[in-house]
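Novice: Residues per chain are reported as follows:
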Amino acid sequence: MRWLIGYEAQRKRMLARAPKGPLHDFLSVPFPLLYTPVDQIPILAVDFETTGLDAIQDKLLSVGCVELIQRQIKIGTSYHQIIQTQGSLKADNVTIHQITDDQKDQGKPLAEVVAALLKMLAGKVMLVHFARIERQFLQQACIELYGMAPVFPIIDTLVIAKKKLDKRDVAYDPSELRLSALRAKYQLPNHYAHNALNDAIATAELLLAQTSKKNEDLTLQQLIL
Amino acid sequence: MDSALSEISEFIQAIPPLDLLPSNIIEQIVKEISISYVRRGQSLSATNNEEANIYILRKGALSYFSEDEKLLAKYSEGEICSAFCLSQHRHTPPNIASDEDTLLYGINYNNFQQLIKEYPDVIAYFQHTSEQRLNKKMLQVNEEAIVNSSLLNSPIDNFYHSPVVTISPNKTIQQAAILMTEQGFSCLVVADNEHPLGIVTDKDIRRRCVAQGLSIKQPVSAIMTDDMTTIDINSTAYDALMKMTQKHIHHLPVTANNQLKGMVTVTDLMNNEGQNAVNITSVIHKATSVGELTEISSMIPKLQIRMAKLGTTADHVGKSISAITMAFTIRLIEMAEKLLGPPPVPYAWLAAGSQARQEQFAHSDQDNALIISNDLKPEHGYWFKDLATFVSDGLAACGFIYCPGNVMATNPQWCKTQKQWSQYFFQWINTPEPKALMHCSTFFDLTTVYGDNQLLEKVRTKMLKTTKSSTLFIAHLSRNALNLRPPLGFFRDFVLKQNGENKATLDLKHNGIAPIVDLARIYALSEGISSVNTIERLKQAAGTPSLSTASAANLVDAFEFLSMLRMVNQADKLQQGLQPNNYLSPKDISKLEREHLKDAFKVIKTMQDSRQSTY
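Residue numbers (the numbering used here), protein chains in the order written: chain F, 9 to 233; chain Z, 4 to 618.
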């Protein structure tokens, strides 16, 4: 439990070291309290499309996010941006993300996109499906841009699902934990995958379904990574 | 737009009435969306007690209940729940709960109204009542029908010819013949100083003069038909056709304020349209054998298809088919009389049910009866039995199947004297037993097809006097009529019944049309209205204690809409060579039509409920 309480302490410590600018602004807003009930947690659902799984070698291609406030996904807050990266895209990735070199060139610089994302993320909990990618790529980007990696309180829909499956104590296929498989389990409609914004919305919908049961007693503490 | 959001916009753009909006407005609406998730069994009003929202169901299902917990509607994927926006809910929020885990797109209603403010059709959908929406739809349908159909609803004014050639009654028959030849007319109006006395035709000269050996020097008044049938200038071509068919005449003097204005002939009507009801009736009159009639009868389905495709209103199609059935019946009776000799006593051939109401479509069954003068002697029975058998078999040969309920002139029960018919009605009205009530829907809709019209009218006048004052009978009739309830609407691809159950098919007749026919009959009988056609009954009952003017108009709209849907459905089936019926699969009903149907059901339900509270 101690490491949980540590989020706020870490934020304050890092704020003191952070250079003026987007990262400093982000760290200056307090994170939601751990006993915040689930329907009161300000959430930003985030999804990244990348050229690969390695945050150091691979590149961030696009960012999509949308706010989930008081159990309502606000489409008006949605943000989707393609990032200008050096080097041409690997062909197999292009087919997954359908971001072509041409489109990528219309993208915005990484600094601008990360700044925008941090601004939206301030005071909120980040919601992702399979946190490793988003956390590592965002931290790497921050290191490149600001020289330090901040902390992010994160809710991971994959982890929520995994905990539920583990509790049952029966073997399961890891593919059951995919976003589309979990959505199907909750009878959520099919979505057009591999667009960052679309996956962010899809993740937010999944969280609504996952947390709809006992929403009175669920708090951030039970959900946070 | 972003491809993620385009998925949402494509979804909502397919939903009527949002399909009427351009993409840029849809994009702005998408930005207003808040996605929420409602667990099964959760109440929607409890979770969202802020400002009014419209909800688009992305997945799942909602049920809408009245304050007394009665199911009012269900919503499923791709439907809009606007119950929270209705003004009556300003104070008490509607009772809506989710039947399944439901994903909702909520949109603030005030912001939404701002976005659609330049699209009156979309605004109308959200702000208008069922009645208003249905009325708008029918206005549009009727306008199209007027543009599309030429003959039946065009006024006589369009094709009568004038002036009429008149001749004074003291002129000789020969002078009349000379005048007709000179003018090229087959008919003259006999008039004394413009005051019409009668009509004389080619046929009269042949039948009443030449064949009888009457001197051509006799005055023309000796051979004229003096109880001249005329038609008012404000009537439609259809009215003229009905009069001509009924009286078996080809000339109709047209009058305005009882002043002779001109003449309309069957040829005038025929020239006005190609292959139509008038042509078919005219061919029927010329047929000399049942075989010929059978051949002609194959044109009826084709006519119905054609009229339906032309966008003719169901009212006019029903009237045309009924007029044709009438012509078949009359021709068959004429053939029978030729075979059997003249009737021993006066009688009339009656049509019952949909034919009497002039709401008949192709392939309907025959409902008929005989009313005979009270002078009937037991030995005359055979003549009428033979007549009934000949006509009924003939009609069957022409595709009008025998009535499954045996409501036919061949049934001794329905071949009765005037006095016996009066007794029937007296009995039905005074002891309204279930079986008696069953007959009501058939025999309270009667019309004379052939013979002495007065036989039935006297019975009817007496009957209407009784029904008007018999509250018990009206109460029984109402209770009986209320057994047929329209569904609430649709749920996914099912028909949603009032008890919340689902049904795979919609029965347009029993779930929609028949309840209105029943209501119209009740209004007519309680107000002493002699019309049998449903629309006429409703129009005449409008403004009486039984029915407000606004409610009458709503019922007419609902009736016309449902009849139109039935007609189009039947035309489709006929075209595919299938047996037409009254069933529609919800899968085949467009989203827009479903909305109109729901509105029509609501109109019926409202009127049935008010009927129920009256008795």
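Don't take each hint at face value.
[Claimed, not checked] Straight-line Cα separation of at most 35 Å, DSBU-like style, residue types lysine-lysine; simulated pairs:
(1) Lys-312/Z / Lys-82/F
(2) Lys-542/Z / Lys-73/Z
(3) Lys-34/Z / Lys-175/F
(4) Lys-82/F / Lys-542/Z
(5) Lys-82/F / Lys-590/Z
(6) Lys-193/F / Lys-73/Z
(7) Lys-221/F / Lys-594/Z
(8) Lys-312/Z / Lys-341/Z
(9) Lys-193/F / Lys-206/Z
(10) Lys-246/Z / Lys-221/F
(11) Lys-468/Z / Lys-312/Z
(12) Lys-193/F / Lys-246/Z
(13) Lys-542/Z / Lys-221/F
(14) Lys-206/Z / Lys-221/F
[Claimed, not checked] Distance ranges between label pairs, derived from CB positions:
(15) Asn-282/Z / Tyr-200/F: 21 to 29 Å
(16) Glu-70/Z / Asp-174/F: 22 to 30 Å
(17) Ser-588/Z / Tyr-180/F: 37 to 45 Å
Honestly, the hints are just simulated from the structure, not real lab data.
Heads up, the beta-carbon is just placed ideally off N, CA and C, and yes, glycines get one too.
Novice: Next step is simple, just say for each hint if it's right about the structure.
Specialist: Hint check results:
For the given pair, Lys-312/Z sits about 47 Å from Lys-82/F by alpha-carbon distance, which is inconsistent with the 35 Å threshold. The hinted pair formed by Lys-542/Z and Lys-73/Z meets the criterion: a straight-line CA distance of about 32 Å does not exceed 35 Å. A C-alpha spacing of about 39 Å is found between Lys-34/Z and Lys-175/F, which places the hinted pair above 35 Å, so the restraint is violated. Restraint check for Lys-82/F and Lys-542/Z: not satisfied, since their Cα atoms lie roughly 52 Å apart, outside the 35 Å limit.
Taking the CA atoms of Lys-82/F and Lys-590/Z, the gap is near 34 Å; set against the 35 Å cutoff, the hint holds. As the CA atoms of Lys-193/F and Lys-73/Z are separated by approximately 32 Å, the hinted pair is consistent with the 35 Å bound. Taking the CA atoms of Lys-221/F and Lys-594/Z, the gap is near 33 Å; set against the 35 Å cutoff, the hint holds. Taking the CA atoms of Lys-312/Z and Lys-341/Z, the gap is about 39 Å. The hint is violated against a cut of 35 Å.
Annotation: proposed proximity of Lys-193/F to Lys-206/Z is violated, straight-line Cα distance about 84 Å (limit 35 Å). For the suggested pair Lys-246/Z and Lys-221/F, the alpha carbons sit about 72 Å apart, so the restraint of at most 35 Å is broken. Restraint check: the Cα-Cα separation between Lys-468/Z and Lys-312/Z comes to about 43 Å, which exceeds 35 Å; the hinted pair is violated. Note on Lys-193/F and Lys-246/Z: the hinted pairing is violated, with a Cα-Cα distance of about 69 Å set against a maximum of 35 Å.
A hinted pair counts as satisfied when its Cα atoms are at most 35 Å apart, and Lys-542/Z with Lys-221/F does not qualify at roughly 56 Å. As the CA atoms of Lys-206/Z and Lys-221/F are separated by approximately 89 Å, the hinted pair breaks the 35 Å bound. Separation of Asn-282/Z from Tyr-200/F is about 58 Å and departs from the stated range, judged on CB atoms against 21 to 29 Å. Between Glu-70/Z and Asp-174/F the CB atoms are about 47 Å apart, so this pair departs from the stated range of 22 to 30 Å.
Distance hint check for Ser-588/Z and Tyr-180/F: the Cβ-Cβ separation is about 41 Å, which falls inside the suggested range of 37 to 45 Å.
Going through the hint list in order, the structure does not satisfy hints 1, 3, 4, 8, 9, 10, 11, 12, 13, 14, 15 and 16.
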